[in-house]
Amino acid sequence: MKTLRRRQIQDKIMEGLLVVSTITVLIPLVIILAYVIYHGFGALNWSFFTEELGSPARAMQGQPTGLVHTMIGTVVVDFIGLIIAVPIGVGAGIMLSEYPEHKLNPVLRIMNDTLNGMPAILKGLLAFALIVKPMGTFSGLAGGVALAFVMIPIIARTTESSLMTIPWSIREAGLAIGLPRWRVVLSTVMPAAKTGLVTGFLIAFARAAGEAAPLMFTSFGNNYLPNHWTGMIFGPVDTLPQRLYSLAISPYAQWHQMGWAAAIVLLSFVIILFVAARLLTRQKNY
Amino acid sequence: MKDTTKEILERPLHGVYRWWGDKLFLTISVILGLSIIALAFAMAWVLFKESSLALNEFGVVGFLKGRVWDPGVNFVFGALPFLFGTMVTSVGALAIAFFPAIAIGIFVGEYAPKWLGAIIENLIHLIAAIPSVVVGIWGIFVFAPWMREKVYMPVFMWAADHAPSLLPIVGTPIGYGMTTATIILALMIIPYTTALTRDAIRQVPKEQREAAYALGATKWEVIRMAVLPYARGGILSGAILSFGRAIGETMAVAMLIGNKNTFPFSIFGPAATMPSVIINEFREAVGNLHLSSLMAIGLALFVISLIVNLIAAFIIRKYSITGGQAV
Amino acid sequence: MQKRNLRNVLPFMVILLSMAVLSACGGRSGSETSEERRAARAQRVDILGAGATFPAPLVTAMADEYRQATNGRITINYQSIGSGGGIRQFIEQTIMFGMSEAFLSDEVMADIEAKTGGKAFNMPITLADVVPTYNLPGITKGLVFNSEILVDIYLGKITRWNDAKIKALNPDVNLPNIPITVVHRSDGSGTTNIWTSYLTRVSDEWKNRVGMGTSVNWPVGVGGNGNEGVAGVVINTPGAIGYNSLSYALLNNMSFGYVKNAAGNIIEPTYAATTEAANIELPADTRILFTNTPAPNGYPIAGFAWMLVYQNLEKNNAISNQSEAEELIEFLVWSITEGQELSEGLGFARLPDAAIERNIEMIKQLKWNGELIGTKVLDRVLSL
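Residue numbers (the UniProt record's numbering), protein chains in the order written: chain V, 1 to 286; chain B, 1 to 327; chain H, 1 to 384.
Hints in this document: simulated from the structure, not taken from any laboratory.
From a predicted model like this one, the values you see are computed outputs, not experimental measurements.
Hints may be right or wrong, so weigh each one.
[Stated by the list, open to error] Derived lysine-lysine pairs resembling DSS-like cross-links, with alpha carbons at most 30 Å apart:
| no. | chain 1 | residue 1 | chain 2 | residue 2 |
| --- | --- | --- | --- | --- |
| 1 | B | Lys-23 | V | Lys-194 |
| 2 | V | Lys-12 | B | Lys-49 |
| 3 | B | Lys-49 | H | Lys-165 |
| 4 | H | Lys-141 | H | Lys-157 |
| 5 | H | Lys-167 | H | Lys-141 |
| 6 | H | Lys-115 | V | Lys-133 |
| 7 | H | Lys-115 | H | Lys-315 |
| 8 | H | Lys-376 | H | Lys-119 |
| 9 | V | Lys-12 | B | Lys-318 |
| 10 | B | Lys-114 | V | Lys-194 |
| 11 | V | Lys-133 | H | Lys-260 |
| 12 | V | Lys-103 | B | Lys-318 |
| 13 | V | Lys-133 | H | Lys-119 |
| 14 | B | Lys-206 | B | Lys-219 |
| 15 | B | Lys-49 | V | Lys-133 |
| 16 | H | Lys-165 | H | Lys-367 |
| 17 | B | Lys-219 | V | Lys-12 |
| 18 | H | Lys-367 | B | Lys-65 |
| 19 | H | Lys-167 | H | Lys-315 |
| 20 | B | Lys-49 | H | Lys-315 |
| 21 | V | Lys-103 | B | Lys-23 |
| 22 | V | Lys-133 | H | Lys-367 |
Can you make the complete structure from the sequences, with help from the hints?
Next comes the structure, spelled out in structure tokens:
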């Protein structure tokens with residue numbers, strides 16, 4: 001039988017261990033963050049936001065180059081993904097939460113989780129087979145579809161769980177005053193769960209915005225802005241994660257610098273989305 | 001009077017508005033839900049179809065057991081180096097990440113004051129949001145060179161002087177390699193594992209703790225005997241999901257593992273994983289067989305991910321009282 | 001409630017706003033009337049190419065230059081995805097032209113001829129050269145190698161720097177007695193293709209044991225990822241030998257060796273020597289490897305980088321109309337003539353006249369629905 005003293009010492013030791021391991025883990029993680037922020041802001045300059053990339057010779061000869069086309073492309077491709085993903089994800093979420101007795105739900109839930117756990121690169125391969133090959137060219141649309149594959153399972157999941165938080169009594173109240181089920185869902189349940197829904201969209205959007213792997217064989221990359229705006233959708237488009245990758249593995253020091261700048265822009269974009277999502281959830285704790 | 005109003009309001013609508021409306025709504029929801037199922041099957045089907053050439057050529061077992069990946073001369077493709085690389089890096093990453101992640105989860109949930117817990121938790125979420133490529137660029141320009149100078153070179157030099165027989169196992173310290181990739185992977189999954197652990201611990205009912213305290217247990221004893229056993233299902237499935245995440249992690253690994261397609265791998269030396277070989281060679285592949293072999297690796301990745309996710313789902317269902325609402 | 005609503009939409013508003021700002025920055029502002037601008041925009045053409053990494057700095061610089069020369073009318077988007085990728089996407093018809101450091105195999109050529117009713121043309125755009133780079137304390141550039149030494153080193157037969165064979169070629173150099181660390185590319189690469197094609201050409205043993213390709217099964221050595229990966233290992237490891245493109249070795253101040261060529265002359269790698277290597281009797285389709293070149297003053301470890309185009313341009317799914325095809329041809333003509341001016345400044349060797357002549361012959365045969373638009377474009381350009 002251990003004495004009380006020994007038990008208390010053991011308690012203190014464990015507490016100390018937990019504190020130490022928490023700190024040792026947090027330090028490298030914070031270092032990554034700090035390093036990217038420090039180095040990234042140092043590499044930013046005005047032409048980064050106004051010029052196109054062009055050839056490495058431009059950067060090596062000190063001419064202004066930038067990633068304006070990449071940032072626009074990122075926004076376009078990400079939004080194409082969101083526009084495709086929201087209806088599908090929300091629809092599936094409604095099916096899971098509002099029709100809990102539906103026979104397909106267990107299958108849907110497992111498939112959705114599996115899809116969510118799939119490496120993003122496989123989603124890129126799928127979009128390549130479904131969009132790029134039939135269309136005959138790499139395109140922003142294909143990139144958007146690949147990102148939609150990333151977003152859909154997340155949106156379905158978050159939609160389901162945020163609709164679930166709305167008490168059944170609200171639905172019953174709606175049904176009791178004679179509203180049909182679809183009106184109950186659309187006009188009572190969904191508005192009540194609005195915050196949760198939007199948070200889910202934001203999280204999915206942020207996750208997809210950071211993905212490079214699905215874009216390598218779909219939106220492909222471009223050194224310039226397309227000449228027509230349709231080129232953003234039907235032609236190859238540059239996106240930040242994919243451009244960041246190719247800058248980082250290039251052999252040019254100037255491009256490495258630009259890679260840091262791209263990293264901080266991408267990181268800020270993603271973090272703003274996440275912070276927005278967290279602020280939303282904080283308002284409504286569930 | 002009331003009843004008549006209601007009837008008047010309802011009757012003309014009854015057919016279209018209510019019945020058809022509901023029917024239509026359900027149908028649309030189900031179609032959208034089905035499209036997700038279809039997506040999963042489409043993925044399996046595309047991967048299967050595209051990989052059939054390679055699988056017919058080498059056989060499923062032969063492909064998985066093949067040790068040679070030679071797209072240049074003999075056109076022989078075997079997935080074993082990549083299976084091995086993926087397993088070693090993912091298991092290694094999980095081994096590194098598991099206990100620290102649980103420690104943070106416990107610390108945040110049980111020990112830390114509320115304000116500190118909130119800060120750490122937000123920080124963890126923030127770090128989880130860092131895109132893979134951003135971690136990758138840090139790895140390429142900061143972490144890998146640092147590891148080479150401070151860790152690999154000293155060890156390598158020591159081995160060269162004292163134990164030359166170890167050199168092939170240690171491998172050439174070029175900075176990019178299996179160890180670098182494993183550590184980076186561990187850093188990347190820690191936030192994820194932590195978040196899942198935290199969720200699992202949070203779901204332990206208060207009464208459970210209070211009962212243990214009432215018996216005179218110290219804080220650690222409460223955690224060990226009342227909290228952890230209760231949360232073990234969630235923690236375990238969280239670890240498995242993190243493992244799945246590590247398996248599929250692509251960009252940071254591809255940027256840091258050094259991309260060596262053939263055995264032998266060494267501890268510090270370059271290697272490759274299934275996602276990294278796909279990302280590196282998919283755009284480069286010329287031969288149909290080469291492309292098909294890459295797809296076959298994608299298929300293997302699909303199957304492994306599926307199994308991992310099913311196991312995690314099973315564990316959640318088995319242990320949890322809430323019915324599996326993690327993440 | 002009002003406040004909450006606002007917060008809900010705030011993130012989207014921010015995104016939309018930034019989108020608007022970004023596109024405003026990106027838009028070409030100018031004084032032309034909207035009518036003129038619309039007309040100008042209608043004439044604009046995007047040309048998509050992809051392939052080899054090695055010529056990418058040159059091709060993208062050509063794209064910059066050409067875009068300026070045409071006042072932004074023609075944009076050439078070249079993505080470096082590797083030689084293999086260039087060939088693959090060319091076959092898949094997702095790009096308008098491919099670029100590769102390996103020419104199309106007979107099999108692929110026949111396949112394309114059967115499918116499109118026309119040939120696939122391999123047109124040399126520039127030259128690639130690979131030099132042996134090394135790290136020997138106290139020894140700068142100029143160590144002399146011959147084919148036998150390089151093969152033996154890369155087969156693991158010569159393991160020390162003071163080997164008799166190396167000494168025999170470098171009698172004046174004080175070679176240290178340290179082990180040789182062989183370094184090679186770990187990723188698929190056109191540089192490897194040229195290097196191994198040289199070793200294959202000069203040695204039957206290499207040919208049978210290892211062969212040539214963008215990535216091979218190396219008998220010995222450690223891998224480095226990319227040009228910089230190989231350079232990194234070589235620079236950090238005394239006694240290492242690797243191979244890099246000449247421009248990369250020059251740019252990074254690496255020591256590199258001279259190589260004895262087939263004619264028995266010791267050749268210092270220079271752009272001129274590389275150009276000289278290709279100044280030989282070329283076949284009509286230019287599909288030739290001239291590693292170990294017979295040219296007496298040519299550097300032996302060099303090869304072409306080819307641009308891949310379909311003879312029947314309308315059969316390429318990536319090209320949607322005749323004007324795109326004509327613009328592609330015009331760029332092609334420009335890149336083998338005026339575009340070559342950019343070469344030395346960027347670390348590339350110029351095409352020899354023989355290759356330009358062959359290119360012109362091929363361009364003349366380019367067709368759109370049977371019409372010889374190649375000849376048409378050539379006439380138009382030459383008459384200017």
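Now for the hints, and whether the structure bears them out:
1. The hinted pair formed by B:Lys-23 and V:Lys-194 meets the criterion: a straight-line CA distance of about 24 Å does not exceed 30 Å.
2. For the hint pairing V:Lys-12 with B:Lys-49, the CA-to-CA distance comes to about 59 Å; that exceeds 30 Å, so the pair is violated.
3. At most 30 Å may separate the alpha-carbon atoms for a hinted pair to count; B:Lys-49 and H:Lys-165 exceed this at roughly 54 Å.
4. A distance of roughly 23 Å separates the Cα atoms of H:Lys-141 and H:Lys-157; the hinted pair therefore holds under the 30 Å criterion.
5. This hinted pair checks out: H:Lys-167 and H:Lys-141 have alpha carbons roughly 16 Å apart, not beyond 30 Å.
6. For the proposed pair H:Lys-115 and V:Lys-133, the alpha carbon gap of about 17 Å is at most 30 Å, so the pair holds.
7. This hinted pair checks out: H:Lys-115 and H:Lys-315 have alpha carbons roughly 9 Å apart, not beyond 30 Å.
8. Between the alpha carbons of H:Lys-376 and H:Lys-119 the distance comes to roughly 19 Å, so the proposed pair stays at or under 30 Å and holds.
9. The suggested pairing of V:Lys-12 with B:Lys-318 is violated, with an alpha-carbon distance near 34 Å, which exceeds 30 Å.
10. The suggested pairing of B:Lys-114 with V:Lys-194 holds, with an alpha-carbon distance near 28 Å, which does not exceed 30 Å.
11. Proximity of V:Lys-133 to H:Lys-260 is assessed by CA-CA distance (about 48 Å); at most 30 Å being required, the pair is judged violated.
12. The hinted pair formed by V:Lys-103 and B:Lys-318 meets the criterion: a straight-line CA distance of about 21 Å does not exceed 30 Å.
13. Among the hinted pairs, V:Lys-133 with H:Lys-119 is consistent with the structure: their alpha-carbon atoms are about 23 Å apart, no more than 30 Å.
14. This hinted pair checks out: B:Lys-206 and B:Lys-219 have alpha carbons roughly 14 Å apart, not beyond 30 Å.
15. Only pairs whose Cα atoms come within 30 Å are accepted, and B:Lys-49 paired with V:Lys-133 is accepted, the gap being roughly 14 Å.
16. Of the pairs offered as hints, the one joining H:Lys-165 and H:Lys-367 is violated, with about 54 Å between alpha carbons and a cut-off of 30 Å exceeded.
17. With a C-alpha separation of about 9 Å, the suggested pairing of B:Lys-219 with V:Lys-12 holds against the 30 Å cut-off.
18. Taking the CA atoms of H:Lys-367 and B:Lys-65, the gap is about 49 Å. The hint is violated against a cut of 30 Å.
19. About 57 Å separates the Cα atoms of H:Lys-167 and H:Lys-315, which puts this hinted pair outside 30 Å; it is violated.
20. At roughly 26 Å between alpha-carbon atoms, B:Lys-49 and H:Lys-315 fall within 30 Å of each other, so this suggested pair holds.
21. At roughly 16 Å between alpha-carbon atoms, V:Lys-103 and B:Lys-23 fall within 30 Å of each other, so this suggested pair holds.
22. Proposed proximity of V:Lys-133 and H:Lys-367 is supported: the alpha carbons are some 25 Å apart, at most 30 Å.
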